[in-house]
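From just these sequences and the hints, can you work out the full model?
Chains as they are written, first to last, in the UniProt record's numbering: chain A, 1 to 404; chain B, 1 to 404.
Treat the hints as calculated values from the structure; they're not laboratory data. Be aware that one or more of the hints could be misleading.
Stated by the list, open to error - Covered stretches of chain B, going by a simulated chain A footprint (3 or more residues, C-beta under 8 Å):
| hint | stretch |
| --- | --- |
| 1 | 70-83 |
| 2 | 365-377 |
As the list claims (entries may be wrong) - Derived coverage of chain B by chain A (criterion: at least 3 residues anywhere in the stretch with Cβ under 8 Å from a Cβ of chain A; other residues may be distant):
| hint | stretch |
| --- | --- |
| 3 | 23-37 |
| 4 | 52-61 |
| 5 | 198-208 |
Please read all numbers here as calculations on a predicted model, not as lab measurements. Glycine included, every Cβ here is placed at the ideal spot set by N, Cα and C.
2 protein chains.
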Amino acid sequence: MKASVMPHLSSRILSINGSGSDGWGVFYRARAMVAAGEMVTELTIGEHDIRTHPAILDAMHRAAQAGHTGYATIPGITALRDAVAARITRNTGIPTARENVLITPGGQSALFAAHMACCNPGETALYIDPYYATYPGTIRAAGAVPQAIATRAEDSFLPDYDRISDAALAHGAASLLVNTPNNPTGVVYPRSTLEDIAHAALDHDLWVISDEVYETQIWEGAHLSPRALPGMDQCTLVVGSMSKSHAMTGSRIGWIVAPEHVIEKLSDLATNTTYGVPGYIQDAAVFALAQGAALEEEVAAPFRRRRALAMSILEGQNVVGHIPSQGAMYLMLDIRSTGMTGEAFANALLDTHRIAVMPGESFGAAASGHIRLAMTVADDSFAVALQTLCSFAGMLIPSDFAPA
Amino acid sequence: MKASVMPHLSSRILSINGSGSDGWGVFYRARAMVAAGEMVTELTIGEHDIRTHPAILDAMHRAAQAGHTGYATIPGITALRDAVAARITRNTGIPTARENVLITPGGQSALFAAHMACCNPGETALYIDPYYATYPGTIRAAGAVPQAIATRAEDSFLPDYDRISDAALAHGAASLLVNTPNNPTGVVYPRSTLEDIAHAALDHDLWVISDEVYETQIWEGAHLSPRALPGMDQCTLVVGSMSKSHAMTGSRIGWIVAPEHVIEKLSDLATNTTYGVPGYIQDAAVFALAQGAALEEEVAAPFRRRRALAMSILEGQNVVGHIPSQGAMYLMLDIRSTGMTGEAFANALLDTHRIAVMPGESFGAAASGHIRLAMTVADDSFAVALQTLCSFAGMLIPSDFAPA
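What follows is the structure in structure tokens.
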């Protein structure tokens with residue numbers, strides 16, 4: 001036996017996280033403070049301050065006790081595929097059948113599988129900056145090359161036809177990942193933006209991967225899926241999840257809705273990557289969806305209330321700007337009047353007031369000079385934190401600043 | 001807008017299943033017969049005829065009710081990582097810490113992640129023929145090139161140094177996937193085979209991916225992990241699962257044990273592919289592991305009984321041969337005396353006696369002329385089915401056959 005050199009890990013897995021800071025420094029500092037016994041108001045991550053409804057957990061337990069503890073069929077159980085298909089048909093008007101639905105262990109798993117289906121290794125996958133934190137890593141994990149399309153705060157961070165088309169041409173892209181209602185911006189894409197996306201996708205033969213996990217959290221306007229636009233049902237993969245709509249984040253239950261031939265191939269992938277989703281969790285999801293809009297509205301209600309609170313607080317000052325707050329459990333604030341980066345501001349706010357927010361830069365260069373608040377603490381605490389934040393920003397404004 | 005050509009799916013996802021028959025024809029025919037109301041004795045897939053123990057389900061429900069329904073930490077909850085590490089340390093003698101353990105949504109997910117970590121796209125991943133049905137597809141899903149190492153029935157389907165070394169040299173392989181106790185053969189690799197594997201791996205800088213999901217089902221001899229051999233802890237990724245050991249197939253809960261730097265990178269991958277495992281399922285796994293060997297023996301007992309039944313039946317005839325039955329819930333029978341392929345025999349057996357078994361060819365060319373029985377029906381039915389199978393084989397023997 002020769003003196004051995006240990007084998008090397010794949011370049012792919014070594015580079016998933018990319019280079020440089022991952023933008024979670026403030027988050028981890030806040031967690032360390034909490035662990036050390038300090039009181040911190042955490043407005044960082046998108047997790048409800050309620051737990052999964054006990055009735056959903058009871059339904060899960062009943063299914064497990066009744067014996068649904070063996071392997072579940074790979075595309076998902078029929079009852080759940082049918083429930084998801086019926087819901088999508090009802091919400092979008094696009095006829096959707098069981099055969100268009102793959103059940104996945106959560107939305108993140110669906111995002112990964114969708115990119116595995118749409119992109120060959122080395123092909124470019126487009127996404128919109130600012131973006132949810134895992135997007136570039138998900139694309140890299142699938143062996144594709146992430147390419148951000150920058151947007152501007154002045155445009156409410158909305159992409160347009162030219163930006164998408166130019167990026168698709170420049171990189172010979174295979175796919176475009178979009179997200180409405182948007183995390184981190186809280187913007188709900190208007191029809192005109194979705195038409196731009198559809199035109200660019202059809203012009204450049206792009207798959208559209210549409211992350212719609214916040215579809216039940218709409219404060220202004222209406223959710224529109226790109227799959228519902230003319231010609232788009234054949235080239236769109238919709239990613240959905242029970243995490244945000246039903247406070248089932250930990251249950252890891254989601255889906256992909258796509259053309260039947262895509263679902264067939266995604267089932268092959270699932271056989272070799274996940275081997276399906278626990279049957280009793282799928283049964284619980286069927287139960288939860290059967291509760292209809294009432295339960296979804298109950299889960300969304302705290303964010304709706306806090307968003308209204310936030311609007312009244314923000315209207316009473318002229319230091320902190322905000323991106324139109326139309327949906328999702330987040331608020332994107334513009335603190336450029338302080339002359340600080342989002343990261344510097346977030347660190348200062350944590351040090352001075354023990355309030356933790358995410359720097360805009362955590363979600364891409366486009367959101368520099370912004371911070372994202374998750375509206376995930378009790379109303380009183382949330383209001384106090386936002387008022388404190390605004391006062392703090394006011395004290396940081398350079399003396400030569402003139403509010404617009 | 002131009003007339004659009006629909007975008008294409010990735011070559012990768014189109015080719016996951018490879019070409020040709022997938023070998024599941026008998027299985028699907030049997031399922032169709034059952035659906036049509038016929039009585040079929042199904043000895044096809046590796047799923048217990050018991051359900052998950054109610055005490056485990058109760059522990060799961062308690063955890064969910066207590067609020068463990070939010071995102072769980074990505075490498076896995078500390079209590080479960082510690083429990084797995086302690087169990088591996090105890091069973092193998094190799095010091096194993098929490099930092100060596102990643103919790104995954106099942107063993108299949110662990111197999112995929114391990115190949116993602118070890119192989120760059122286009123690199124060769126070796127595996128032993130005969131093999132568990134998903135192995136080549138899992139390797140293809142990870143973008144690597146599957147290369148089987150053929151073994152012979154006469155060697156109990158055990159690989160040796162030369163076969164592995166030759167394959168590693170010929171293909172510049174990055175990894176070697178091994179499985180003991182073995183599905184489909186029921187063989188438990190002896191120390192000499194594992195030493196061959198270790199020598200070949202160290203000589204050729206191979207990662208060893210060791211699928212040990214049947215480690216609690218041992219009828220003869222003892223389970224030995226390649227990770228326990230000198231120098232191997234630095235280049236072995238062990239795949240484990242609660243599916244077979246605790247009848248938790250549907251709960252999708254497993255793990256990878258590997259060097260700490262590998263687990264760190266696998267955590268990056270998990271963040272972007274699964275986003276973790278339900279916390280209440282992890283709590284249930286902690287509870288199940290805390291029951292110790294007694295529960296594991298209770299779950300294995302039916303297979304131990306049926307294997308003993310099978311040995312007494314097989315000793316009473318000289319038509320059907322068998323591969324040494326040492327572990328796992330399977331029995332690999334040699335029906336070459338009939339002059340038939342495994343597939344032809346399995347189809348004839350299904351048609352004539354409504355007994356469904358898997359053709360050996362479903363698990364690779366090396367197992368041609370064999371059939372695999374899963375010992376997953378009640379003892380009486382199992383014994384009757386095996387006796388019927390032996391009589392049926394006897395009637396099929398060509399008149400010029402002389403038993404050895």
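Run through the hints listed earlier and report the numbers of any the structure violates, in increasing order. 2 and 3
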